[in-house]
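Student: Listed here are the chains, written in short residue letters.
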Amino acid sequence: MADFSTASIKLQNLAKHFGTNKAVDDVNLIVEEGTLVCLLGPSGCGKTTSLRMVAGFEEPTAGKIFIGQDDITNVPPYVRPTAMVFQSYALFPHMSVFENIGYGLKARRTPRSEIEPQVMEVVRLMELEGHERKSPPQLSGGQQQRVALARALVIRPKVLLFDEPLSNLDALLRVRMRGEIRSIQKRLGITSLYVTHDQEEAFSIADQVAIMNKGKIIQIGPPRELYRAPVDRFVAEFVGLSNIVPVEVLSSGSDGAAVRVFDQTIRSHRPPKNPKGDVAIVLRPEALRLSIDGENGVPATVLTFAFTGPLVRYNVRTADGILLVVDLHNPGPDQFFEEGTQVRLHLPERVPALLG
Amino acid sequence: MIVENGVPQPTQMSVSRRRRTQFLVLILIELALLVLLGLKYLQVEVVEDRIEVIGNQETVYFRNELVGDPLLMAFVVVAVALPFASQKLRREPMLLIGVQLTTISLIIFVLWPLGQVFVESFRAGHDSADFSLIQFEKLLQIPTVARATRNTLVLGITTAVLATAIGTLIAYTLTLTNVPWKRWLRILTIMPLVSPPFAVSFAFILLFGRRGLITYDLLHITQRNIYGPEGIILVQLISDTPLVILILSAVFASISRDLEEAAEDLGGRPLFILRTVTFPLVTPAILTAALLTFISSISDFGNPMLMGGGFQVLATQAFIQMVELFDLQLGAALAFLLVIPALIAFAIQHWIVSRRSYITVTSGARTGYIRALPGWIKWPLFGLTVFMAVITILLYGSIFVGAFVKAWGFDFTFTTGNLAGLVSALPQLENSLIVSVGSGFLGGAVGIFIAWLVSRQRFPGRRGLDFAATVMYAIPGTVIGIGYILAFNAAPYFWTGTFSIIIVAYAFRRLPVGLRTGIAAQQQIDPSLEEASLDLGATRARTFARITFPLLNRAFFAGVIYIFIRSMTDLSAAVFLNAGRTQLYTVRMFRVMITGTPSEAAAFAGLLIVIILIALGTLSKLTGKSFVDLFRVS
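These protein sequences, in sequence, are chains F and B.
Numbering (my numbering) for the first sequence: 1 to 356.
Numbering (my numbering) for the second sequence: 357 to 990.
The hints are simulated quantities; they were obtained by calculation from the structure and are not laboratory data.
The beta-carbon is built from N, C-alpha and C at its ideal position, and this holds for glycine as well.
Fair warning: there could be bad hints in the mix.
[Claimed, not checked] Taking CB as the label site, the calculated pair distances span:
1) F:ARG133 with B:TRP707: 18 to 26 Å
2) B:LEU907 with F:PRO299: 54 to 62 Å
3) B:GLN813 with F:GLU127: 38 to 46 Å
4) F:ARG133 with B:ARG818: 29 to 37 Å
[What the hints assert, rightly or not] Going by beta-carbon spacing under 8 Å, a handful of chain F positions derived as facing chain B:
5) ALA55
6) PHE57
7) PRO77
8) TYR78
9) THR82
10) ALA83
11) MET84
12) PHE86
13) SER88
14) ALA90
15) PHE92
16) HIS94
17) TYR103
18) GLY104
19) ALA107
20) ARG151
So that you can see chain F by itself, here it is in the shape it has in the complex (with noise of 0.2 Å):
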């Protein structure tokens, strides 16, 4: 599949109401060509609607959508060069893996001829080979999965759509089949945007992240950025477990920020934006340690902890009644706590930015 020709999506100032439910609100993304950009967010935050306006199932109240240099808003879904997979797979129970595959093809008037081979081209591609003439129903979730993604590919689309994909698929099948998904994702360089709402899902597969919430994109970039420097409440608590702390700001400038929290005091690479306001600090469990013994430290009270093999999860309560999440990574022997352990808690030095 080496003639892809692919391209960037942009969506400009795009919305959808449902009556006086604003579902998308004046969303601007750009999809860069051959990246992979997730929507992430919880139900009813827009990504599935925005989706499913890039397809062209809905129609935009207001905004354009463009595919390349092309503006499609106004193109029904059969012209649109999308392809999506959706979240139950939408597999035509009436027909066979080989027949639901060529659909797109024969939707296109593709001559009988060059059917076959491009259809067992992905059948391969996908790792199909000797179900072809099974119908959906006898294939696992897994295969189920592969073929609609064949089905998607095999009409060469300039812009791959991914509706939750991975939602009725079990545990393990979703790690490795998201793996699967990323791999050919970039081995053919095709646009992509993707839909979930599994953080630990959308970190490990995409580009660029957006978080949406009520109908706005909240904040875009790279996992990483996401993590470490989450511009507001919501983004820190939606992706990853946080400690969130008010602080008390001691000093702020262009070039960061001193705090104080439990009489520490924390550097910040980015000030507030508002000093004076409510600031807090997103203190993650892992950049916090416990120790036993030792004068620095806040004093802290274990009150549960959970083992669950590569790291053990401590519930302890500060002096001041806060209470705090503290993961233990590849725990040595001497850093059980049992329930009603004094320990000391230690707060890393840095942290890359403040919410408030």
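With chain F held as given, fit chain B onto it using these hints.
Tutor: Just chain B now, with coordinates in the frame of chain F:
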């Protein structure tokens, strides 16, 4: 008492011992019942065997003969004994009795009467026990029979194809497009279901007959008339299309939106998607609808009688042979001719449906959204739907107007005089109500119970049970009427001429509907609800009565009302099964249509429609379902 490791375990022991005693008592009671049944229905009689004449001395030899139906008795014994083979059923006596009772009733009331049609048609005469083809030879000598067979097939196929095509298009229009007035069109297009099929014929004659309002009074056509095959096809189309609309509407509404969107996303244009995705997905429903309309057409008795104008079909021939000439064997042979095409159609439908998978593999799919179709597809569909609705309004309008005019076609002055004739029909109305309410509740209850058995319980023979309970839907009403007469007319039953035989016949004839409704409803209910009840110590019977049934009661009442309506409007089986004392309203009404004045007959038809509408309205209130949803029982 078992002593294990020196610890006595009294409770364990007493439970299992009590169960064993219960089990033995059950077996003894069942054996006693079987013996009683045998004594009642099987008798050894001394019959004349042969007379030998030697010289002028006659010697009469006698022999002992088992009278009754030893074969049926043997089947019943097998039905009682077989369930004991299952370990699971032995463990639960209530379940065991349930399976036994269902099996016995299906054998007696479904398989046995149908079997009689086959047996009797290969018998030389009433007393003969030998195999013979003489009945079919006799049939061939009646010139009308060969023609009637051909007519029946042509009629059945034409009606099935046209009604299915029109009904499918209307169902699509009303379910998936954004045409206006859908609410009213939906009610109007399925209206013909509330009247007997032959009322359509009658109304048709009122409008388009020799003195029809439209043909004679408006257009002054006197040269041509509507009697004959084309007329029958037209009225059968009008009376059978609603069933197609109901079946297809439910299926169209359940198509996953994702599938059509996927097709569109992959480049399929609207018509291409209709052809390659939408219609293939509803193929099983289309075939079922075609089968049902085919069977409805070939068993139709009233329309050919009223509209035929000498056009003979098998159903009318069978009536003449059985009821007017009382030749049971010849009637059976005619029924046999009817059941063959029905079974072939059944087999074809089954074969096509089972060849491919139509099960949607997805879960939680979004269904039933409105397609924005281009105008050149949408408006012709809308036109077709409105046309059917207008015809319905005309037909039913003419019945109600006709009931209140002095003499239709001659004198259109208002009168209530026609209602007087209805008073004399009150006994028949009462008979019909007794029969229809009885069969409704019996069929509904048996249907729900079998639905629960086959969808929730695993036991050997489950599929056989399902088949026996379903087969009736492929059997023309005519054949069922004849089968019941053949099976239960003679000694030792003498069952014909009673209300109960009609109730049972109707209940088991419409059982498949109650069963399918029940199974569909059953699948909506989480099995763990029943398991929770059992786990908390409730018995099977209590669980069914307190948990399962209350959750299923909508399905139950839907089944009851459907069977009620079908029983109130039936004529095909009624003409065979009713007798003087049990004459049914439809039969009386049919006679009035042939012998009385059009206005008298219109009053009869109008009253029946009003009664059915009241029944539907009551049920609509009772279940909180809309009028149209009440019919959703496919």
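Student: Could you run down the list of hints and mark each one as holding or not?
Tutor: Okay, the hints, checked on the actual structure:
no.	hint	result
1	F:ARG133 with B:TRP707: 18 to 26 Å	20 Å, holds
2	B:LEU907 with F:PRO299: 54 to 62 Å	58 Å, holds
3	B:GLN813 with F:GLU127: 38 to 46 Å	42 Å, holds
4	F:ARG133 with B:ARG818: 29 to 37 Å	31 Å, holds
5	ALA55	6 Å, holds
6	PHE57	6 Å, holds
7	PRO77	5 Å, holds
8	TYR78	5 Å, holds
9	THR82	7 Å, holds
10	ALA83	6 Å, holds
11	MET84	5 Å, holds
12	PHE86	5 Å, holds
13	SER88	3 Å, holds
14	ALA90	4 Å, holds
15	PHE92	6 Å, holds
16	HIS94	5 Å, holds
17	TYR103	6 Å, holds
18	GLY104	3 Å, holds
19	ALA107	4 Å, holds
20	ARG151	7 Å, holds
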